[in-house]
Amino acid sequence: MKGLYKYLPPFAPDYSGVCSVLFNLNGIVIIHDASGCTGNFTGYDEPRWYGSNAAIFSSGLREIEAVLGDDERLINRIMEAVERMPRNFVALLGSPAPAVIGVDMQALARILKARSGLPVLSFDTTGIKYYDTGASQAYLEIARNFVKPWNGKKQALVNILGAIPLDMGKGKRVRDIGLLLRQCGFSKVYAWGQNAGLKEISQAGAASLNLVVAYSGLAVARYLHEHFATPYMVGIPIGQGSTNQFMRTASSVLGLETQPRTTPYLLPPNTYAQALVIGEQVMAGSIRSFLRLDWGIRKVDVASFFAMDKELWEEGDKFLEEEDDLSSLCQRENYDLIIGDPLYENLLGANQGRFIHFPHVAVSSRLYWDNEPACVGKQLEGLSSELKTPARRT
Amino acid sequence: MACAPYSLSITELKTAVESGTRKLLDGGSLRYCPPSAGGWGIIRVGLLVPESIMLFVSPAGCGRHGAIAGLQLGFRQRLFFLYVDEVDLVTGRHLERAKEAVEEILASISRPRAIMICATCIDDLLVSDYEKLAEEVENDYRIPVRACHMNPIAMDGKKPPQLTIQKAIHEFIPAVKQKEQAINMLGSFAAINRGSEFYELMAGAGVSPVRHIAACSTFDDLCSMGRSFYNVLIKPGGKLAAEYMAKALNIPYCYAPVSYGLEAIAASYRKLEEQLGISLDTAAYYEKTEKAINYYRKILGSISIAVGENINACPFELARALLSYGFEVPYIFTDQVLDIDRENINWLAERRPHIKVFTNAHPSMANFLDEKLKVDLAIGFDAGYFCSGAKTAALSMDCQAYGFEAANSLLKEMTLAMNNPHSHREQMYAAGLVL
Amino acid sequence: MRRIAIYGKGGIGKSTITSTLSAALSTMGYRVMQVGCDPKADSTITLTAGKTLTPIMDYLKEHGKCDSLEEITVQGFNGIVCVETGGPTPGIGCAGRGIITSFNVLDELGAYQVFNPDFVFYDVLGDVVCGGFALPLRQGYADEVIIVTSGEPMALFAAGNIKKALDNFAERDYAQLRGLILNLRNIEREEEIVNDFAERMGVPVFGIIPRDKNIQLYESRQQTVIEGDPALNISRSIMKLAEQIIDFGEAS
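Chains as they are written, first to last, in the numbering used here: chain A, 78 to 471; chain B, 68 to 502; chain C, 26 to 277.
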């Protein structure tokens with residue numbers, strides 16, 4: 078039935094997406110909640126939380142305040158923190174409880190801005206939607222508030238958009254993409270949500286290229302295209318074929334050329350007839366390219382529980398609204414290879430083809446976040462040799 | 068950038084407590100959630116009911132930490148989620164949908180003996196009647212059903228979730244008139260360790276068996292707790308459960324807490340003697356434990372220890388015990404001060420007036436790692452996190468020491484911790500703490 | 026576009042006056058949209074020209090989400106765009122949240138851009154009872170508030186409370202109180218009492234609506250008096266009130 082989940086855990090919620098994008102920007106971030114929502118983010122959605130000094134707090138909302146609509150207490154608490162710890166900005170996020178009582182986050186933001194003199198961002202997050210919506214909004218808000226006007230010449234600068242750990246893992250993959258982009262001639266590589274601070278983000282208008290590595294980076298890439306005419310490309314270079322294409326396109330933006338590095342490794346023809354990649358749309362699409370170019374699999378579908386953009390959609394792709402949608406899709410289609418978070422495997426019947434584990438932090442949280450397979454610029458790491466042959470079906 | 072972390076000396080805390088303070092951090096501050104925050108969580112405690120399943124009804128986000136912990140610790144397959152959307156919030160139709168969900172779940176698994184339906188903060192605000200829902204589902208399927216609440220929004224009230232959940236799991240027990248010379252232990256998440264002298268002492272006094280929900284392997288075992296004539300509350304979290312059972316099941320109770328100091332342990336035993344009308348010969352255990360303390364004190368040397376609140380103990384009592392064993396305790400991390408802590412705070416303030424008490428939750432703790440506090444050992448993942456060079460003994464809720472065995476097992480765990488090669492982060496994430 | 030929220034004590038005649046005002050403005054050639062913000066969903070009943078209007082919350086209950094304005098709006102008398110938020114079954118759920126959810130739907134579907142009205146009226150249930158019922162006051166919705174009152178003490182008390190709520194919201198840049206409409210109950214010295222009250226509030230009385238049985242007559246035919254007979258005295262009073270509101274907007 079709709080909304081009933083028997084196997085999968087709840088996915089990372091919208092407020093976690095916002096927090097993740099803001100994590101490294103040295104602001105004071107407040108989730109207006111009783112503490113459980115903040116605990117979701119700090120304990121289960123943010124691998125960087127341990128050992129960090131990010132100022133992300135719970136407002137400590139209590140019933141009596143909620144019922145009385147006592148927003149003044151919240152404002153005072155935030156002002157106390159602002160005065161104690163100087164930071165760049167304040168961000169105020171909603172959660173289910175303020176959503177029910179209808180707290181006006183924008184109005185509180187205006188008051189806080191007037192009182193603190195700091196930029197104040199507000200987000201109507203509710204815990205009902207998923208992280209990708211929150212992260213997408215957060216990227217846009219950052220761009221609107223912090224990117225400076227730019228009329229000068231474009232620089233050898235590239236922004237990586239969408240690079241939060243919920244999608245991209247703890248940082249290795251983003252660093253690997255950065256290395257490839259440097260080889261393409263970019264001297265400045267700023268990954269929003271990872272290494273880029275507000276100072277780097279403020280220069281975004283000077284970029285020659287924006288690289289979108291997850292759905293959450295798409296809206297801001299379009300915004301930057303509209304305001305600064307910066308072209309953007311979408312995708313993560315996985316495997317040799319994709320990496321060659323990626324490097325050619327990226328360096329051509331700077332008027333340079335790169336030589337293909339190596340030729341793709343192809344499996345014997347027809348090893349696999351059709352494959353399914355389950356995951357965040359951009360990552361899943363990039364794995365699709367890898368399967369096509371390096372492994373020669375013709376039919377590869379993408380399915381996702383998270384938002385999917387029309388521009389990246391191909392025929393056969395499937396937006397999954399419910400747990401049941403995934404099991405019935407796999408029953409209907411005859412996939413002999415499936416790639417996705419290990420937890421999806423529980424939903425598939427016994428008679429499936431090969432399943433390659435590719436953890437997604439927004440799904441399986443800390444269960445696998447310490448062992449993400451490397452994939453940038455090469456084929457998926459840690460594949461067993463038996464994958465060269467298809468699974469025998471009974 | 069940094070600001071000094073908020074703290075009180077134990078002497079300042081003593082004065083504050085005398086003037087009525089119950090928490091270091093009042094409502095005037097935002098709350099920091101260090102990675103070490105959290106405990107068993109409502110879901111895990113709720114699933115202590117043997118042969119039960121839980122339906123968790125909430126916006127998608129709310130159940131995430133509980134579900135991941137469930138996957139880590141192996142209870143996910145007894146846990147089902149029904150997500151509440153915007154329309155549900157307005158119309159309250161999720162209560163009807165919960166009934167449909169139960170039907171679908173029951174059709175897909177072997178019949179459970181009990182069902183717990185868990186609501187969250189939003190249903191507190193909507194004043195949704197889950198107790199009524201539980202009653203209706205119970206009537207429909209003839210399976211015992213109870214409601215419970217994961218509602219941190221009620222944390223500062225008279226019925227905080229960590230107390231109501233312990234009550235809820237004991238609400239399945241039916242009232243039985245005919246009592247046995249048996250007792251139930253309440254308040255802890257695990258049954259008392261088999262190695263504790265407590266069992267021997269009780270059996271010697273004719274009190275047997277000693278029951279605890281976590282030791283029940285079937286739902287019928289849980290129901291047999293209704294036959295016990297007395298409840299022993301060993302941790303404050305079981306207070307509402309004990310009060311409920313006294314009233315509804317006619318089982319009186321007393322509070323005889325888990326303690327680590329020899330005198331406090333002896334006092335708990337004396338209380339049990341009085342309340343149960345029995346006599347317990349504990350002298351030999353007292354002496355043996357005294358010797359053990361001296362032995363471990365020599366092995367460990369005069370180490371300094373930070374005490375956290377995320378432990379299976381009252382932090383002030385534990386600090387007092389450690390000082391009386393001959394160790395130093397320069398730092399305590401805790402937010403809450405219970406009535407029962409007063410005496411220990413006074414004792415500490417008299418002997419070590421400069422002990423610093425931090426609260427895990429103050430916003431200034433975000434910068435705490437810059438402090439680089441040095442101790443040899445930390446007890447509790449929170450103390451271990453904030454004193455990052457120290458070895459950590461978790462003293463977790465997963466196993467329950469009691470009586471003189473508590474002092475012995477604490478010292479053993481401390482010794483093991485001093486030689487433990489595992490990283491704090493690795494151990495802490497493996498524990499599946501839920502805030 | 027002028028966006029006006031109409032508040033006032035329950036039963037004071039807000040919906041009747043709002044609908045009649047909408048009708049009056051539409052006959053003057055303005056494009057009007059009226060949004061009923063009450064779980065009873067009966068604000069626009071005299072405007073829908075017999076067409077069935079599905080309240081937004083009812084639609085969402087049935088379909089989960091809404092992708093088209095056609096499903097939740099009706100163009101009634103003189104093309105007035107009618108919307109009802111609706112709400113939960115009494116006793117469960119949250120009516121205030123229903124207004125928030127409904128407004129989000131209107132926003133997402135671009136209702137104000139699509140219909141491009143000159144006037145939007147939000148007809149809001151009773152007093153400002155919780156966050157949801159204050160939603161029409163927020164930035165991005167109504168800019169102006171008009172309170173309907175009579176000279177009766179309870180009606181003035183409610184009006185005073187609404188003013189207090191607006192004062193509390195001063196720092197938030199919410200909608201501002203523009204004036205009162207006096208709906209006569211024929212108590213003694215009624216105009217004097219309400220004029221005094223308005224003076225203390227520092228706002229004008231836009232108009233006085235006399236008691237008139239024609240209102241009920243046409244209401245029973247699901248019409249406003251403007252539609253029923255524009256030549257009636259009561260219709261002319263309301264046309265005058267509409268002109269006052271137009272003038273006030275132009276003056277400020």
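To be clear, the hints were calculated from the coordinates, so they are not data collected in a lab. No experiment lies behind these values; they were computed from the predicted model shown. C-beta atoms are modelled at their ideal positions from N, C-alpha and C, and glycine is treated no differently. The reader is advised that the hints may include incorrect statements.
A few chain C residues facing chain B, derived, Cβ under 10 angstroms [said to hold, decoys possible]:
#1 G35
#2 Y55
#3 R56
#4 S93
#5 L94
#6 A120
#7 T126
#8 I212
#9 G274
Going through the hints against the structure:
1. Look at G35/C: its Cβ only gets to about 20 angstroms from chain B, farther than 10 angstroms, so that hint breaks.
2. The closest approach between the C-beta of Y55/C and any C-beta of chain B is roughly 32 angstroms, which is over the 10 angstroms cut-off, so the hint fails.
3. Below 10 angstroms, beta-carbon pairs count as interface contacts, and R56/C has none with chain B, the closest being about 29 angstroms; its hint is therefore violated.
4. For S93/C, the suggested interface contact is broken, since its CB lies about 17 angstroms from the closest CB of chain B, more than 10 angstroms.
5. Hint on L94/C is violated. Least Cβ distance to chain B is approximately 18 angstroms, over the 10 angstroms limit.
6. Annotation: A120/C was flagged as interfacial toward chain B, and the flag holds, the nearest CB pair being 8 angstroms apart, inside 10 angstroms.
7. For T126/C, the interface hint holds, the least distance from its beta-carbon to any beta-carbon of chain B being 5 angstroms, beneath 10 angstroms.
8. Taking 10 angstroms as the C-beta cut-off, the interface hint given for I212/C is violated, the closest approach to chain B being about 38 angstroms.
9. Checking G274/C against chain B by beta carbon gives a least distance of about 33 angstroms; that is not within 10 angstroms, so the hint is violated.
Taken one by one, the earlier hints fail for this structure at numbers 1, 2, 3, 4, 5, 8 and 9, listed in ascending order.
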